[in-house]
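Q: Line order of the protein sequences matches chains A and B. Residue numbering for the first sequence follows my numbering, starting at 1 and increasing by one per position. Residue numbering for the second sequence follows my numbering, starting at 1 and increasing by one per position.
To be clear, the hints were calculated from the coordinates, so they are not data collected in a lab. You may find that some hints are simply not true.
Claimed, not checked - Residues of chain B placed beyond 12 angstroms of chain A at every Cβ, according to the derived structure:
| no. | residue |
| --- | --- |
| 1 | Thr18 |
| 2 | Thr20 |
| 3 | Arg26 |
| 4 | Val28 |
| 5 | Glu30 |
| 6 | Ala31 |
| 7 | Lys34 |
| 8 | Gly61 |
| 9 | Val82 |
| 10 | Arg86 |
| 11 | Ala109 |
| 12 | Glu118 |
Unchecked claim - Simulated crosslink set (DSSO-like; lysine-lysine; CA at most 30 angstroms straight-line):
| no. | chain 1 | residue 1 | chain 2 | residue 2 |
| --- | --- | --- | --- | --- |
| 13 | B | Lys45 | A | Lys155 |
| 14 | A | Lys159 | B | Lys39 |
| 15 | A | Lys165 | B | Lys9 |
| 16 | B | Lys9 | A | Lys120 |
| 17 | A | Lys164 | B | Lys39 |
| 18 | A | Lys155 | B | Lys34 |
| 19 | A | Lys155 | B | Lys2 |
| 20 | B | Lys123 | A | Lys159 |
| 21 | B | Lys111 | A | Lys120 |
| 22 | A | Lys120 | B | Lys2 |
| 23 | A | Lys164 | B | Lys34 |
| 24 | A | Lys159 | B | Lys10 |
| 25 | B | Lys123 | A | Lys164 |
| 26 | B | Lys2 | A | Lys159 |
| 27 | A | Lys159 | B | Lys9 |
| 28 | B | Lys111 | A | Lys167 |
| 29 | A | Lys165 | B | Lys108 |
| 30 | A | Lys97 | A | Lys112 |
| 31 | A | Lys165 | B | Lys111 |
| 32 | A | Lys164 | B | Lys10 |
| 33 | B | Lys10 | A | Lys155 |
| 34 | A | Lys167 | B | Lys34 |
| 35 | B | Lys45 | A | Lys159 |
| 36 | A | Lys155 | B | Lys39 |
| 37 | B | Lys2 | B | Lys111 |
| 38 | B | Lys108 | A | Lys155 |
| 39 | B | Lys10 | B | Lys39 |
The C-beta atom is built at its ideal place from N, Cα and C for all residues, glycine as well.
Listed below, chain by chain, are the residues.
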Amino acid sequence: MNSFVSFQVEAGIRAGSNLPSCRFGKAISSHRASCALPSYWHILNRMVHYTNTRLDASFAALSDVTRRGVLEQLVRAEASITDLAAKFDMTLTGMKKHVDVLEYAGLVTTEKIGRVRTCKIGPRRLEEEMAWIEKCRQLWAARFDELDAVLEEMKRQEKLERRKKRK
Amino acid sequence: MKNTTTVEKKSDREVVVTRTFDAPARIVFEAWTKPELMKRWWVPKSMGMTLVSCEMDVRVGGTYRLVFGGGFEFFGRYTEVVPNSRIVWTNEEGGENSSITTVTFEEKAGKTLLVMAELYPSKEALDAAGGAADATHETFAQLDELLVELGAHA
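Just chain B, with the same shape it has in the complex (with noise of 0.2 angstroms):
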């Protein structure tokens, strides 16, 4: 069986993604720092998309920058790389509303618990980023869709 997901607004500029895995925390550690790994499963197959690189110099003050399909980019630096059990790195494409994402491994058991943090400048940072806004755009975007659609039809 999955394990679960969960995802947790913790404050107006903070999302909180927890998850627990069936490996040392070791090997989670690896799997979200050499980028051929990372490849594998940072983009779930049924978004569609494709990575075309993904350069990943994970230490303190390495860069990071992912490139996808259709040139959009992603990139940062790691503030803080703690083998096994942290990494901290920011997300710069974003500008002034750039966020700080740290992921830290525990160990328990035999298994690892994940807790994925992402801190925002401020609560506007985050709604830009989607938060309440984004099932707008989406509802909006559905929206002009149906419209097209009755405007066809018309």
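Bound conformation, chain A alone (with noise of 0.2 angstroms):
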């Protein structure tokens, strides 16, 4: 009784039509749309439109073709940039272009050893579920806000009722 499903798997499948990222796609494509709290979020994240600069480095970061499908890549192995170059038929500059915006967005991480610049999925899953745990908090918050209310009449009705048998 604490989920809200529906509407999570609805905007999976249509998340999941523009990005044929594995990363995303497993989680999508796991959805029984049933479970809990989350989903509630997706419907709340929907109404409760707010801003967020850091949302805006990956936006631009996964508007490009040739980004989303390194990150694809990245989520199945690491890769130095020669690799990805190679692999999208690019110049080694192109792609450590690519790259950097990716690592900017915090997407991507890159390491250098020796000569080899290797690129791996970045930090970001932990500050996703952050940010669920921080949705998930104001949901129950809103919700406890309201038990708040119910419990304030309840005291009173049953102060009123205690004063009634009194008399």
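Hints in hand, dock the two standalone chains.
A: What follows is the structure, encoded as structure tokens:
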């Protein structure tokens, strides 16, 4: 009873259709739309419009087909810029620029060992998880603030009844 | 002032929500077990959703079913009911990813500490319920909207 289903799934499918990334795709396809709090979130999110500059960087990073491809690739395995450039039929400089954008958005991290720069999926996952917990908290806080009002009324009612009994 | 709500991920498959209420446990418990009361707070007004029906048979083995506008349903069964102290129920609409919710009410000096734990059968089930994946959904849903918008202007 703590769940809100279909919105999430619907959104998941929509998202999936645009982004062929397995990192995201996996979570989406395993959805049985059912479960608890988060789908709630989804609805909330759509209603409460908020801006987030960090998201801007992600959107910018994800707005390019090559960069989405690179992310998909890195979900499967880390790779050097040379590997990626070859895979996407691109110059090293071109690929380096794409990786820089992804790195700036926190979606990818790179590490230089010797002459090779290796790229991996970045730390954004943790942030996403924190964001999820915060959204979860907001839902429950909203519910419980309303519950406060119900409890106050119940307490008042109880007092009234007690007074009546005394009389 | 409002009391603080905390949410913690206790493990890969458990989420715990904690909150204190300025009322004795019997009153808080009542608000969690009477449908006419539950209806008034379970769906926050800000969600813009309505609860079409709310049936709750709060006793061990009893079932509940919440139906929302648009036909979403949430249902399951109470597996433990200890008056003024503890309720456990299953969330069965999730099929194999079904979770178990345990709510405890602990009274101290007229206030009640409420702890609600949601336990999923696996890390994957919790992720499927939202977990780490949800923020991604949100991001992508927003990205979708952005892309549509960009497309409209192109």
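Q: Does each hint fit the structure? Answer for all of them.
A: Do the hints match the structure? See the list:
no.	hint	result
1	Thr18	violated, 9 angstroms
2	Thr20	violated, 9 angstroms
3	Arg26	violated, 9 angstroms
4	Val28	violated, 6 angstroms
5	Glu30	violated, 7 angstroms
6	Ala31	violated, 5 angstroms
7	Lys34	violated, 10 angstroms
8	Gly61	holds, 16 angstroms
9	Val82	holds, 19 angstroms
10	Arg86	holds, 16 angstroms
11	Ala109	holds, 15 angstroms
12	Glu118	violated, 6 angstroms
13	Lys45(B) - Lys155(A)	holds, 22 angstroms
14	Lys159(A) - Lys39(B)	holds, 23 angstroms
15	Lys165(A) - Lys9(B)	violated, 47 angstroms
16	Lys9(B) - Lys120(A)	holds, 26 angstroms
17	Lys164(A) - Lys39(B)	holds, 28 angstroms
18	Lys155(A) - Lys34(B)	holds, 15 angstroms
19	Lys155(A) - Lys2(B)	holds, 17 angstroms
20	Lys123(B) - Lys159(A)	violated, 46 angstroms
21	Lys111(B) - Lys120(A)	violated, 49 angstroms
22	Lys120(A) - Lys2(B)	violated, 43 angstroms
23	Lys164(A) - Lys34(B)	holds, 24 angstroms
24	Lys159(A) - Lys10(B)	violated, 39 angstroms
25	Lys123(B) - Lys164(A)	violated, 54 angstroms
26	Lys2(B) - Lys159(A)	holds, 22 angstroms
27	Lys159(A) - Lys9(B)	violated, 39 angstroms
28	Lys111(B) - Lys167(A)	holds, 28 angstroms
29	Lys165(A) - Lys108(B)	holds, 27 angstroms
30	Lys97(A) - Lys112(A)	holds, 16 angstroms
31	Lys165(A) - Lys111(B)	holds, 24 angstroms
32	Lys164(A) - Lys10(B)	violated, 47 angstroms
33	Lys10(B) - Lys155(A)	violated, 33 angstroms
34	Lys167(A) - Lys34(B)	holds, 29 angstroms
35	Lys45(B) - Lys159(A)	holds, 27 angstroms
36	Lys155(A) - Lys39(B)	holds, 18 angstroms
37	Lys2(B) - Lys111(B)	holds, 13 angstroms
38	Lys108(B) - Lys155(A)	holds, 16 angstroms
39	Lys10(B) - Lys39(B)	holds, 29 angstroms
Of the hints listed earlier, those the structure fails to meet are numbers 1, 2, 3, 4, 5, 6, 7, 12, 15, 20, 21, 22, 24, 25, 27, 32, 33, in rising order.
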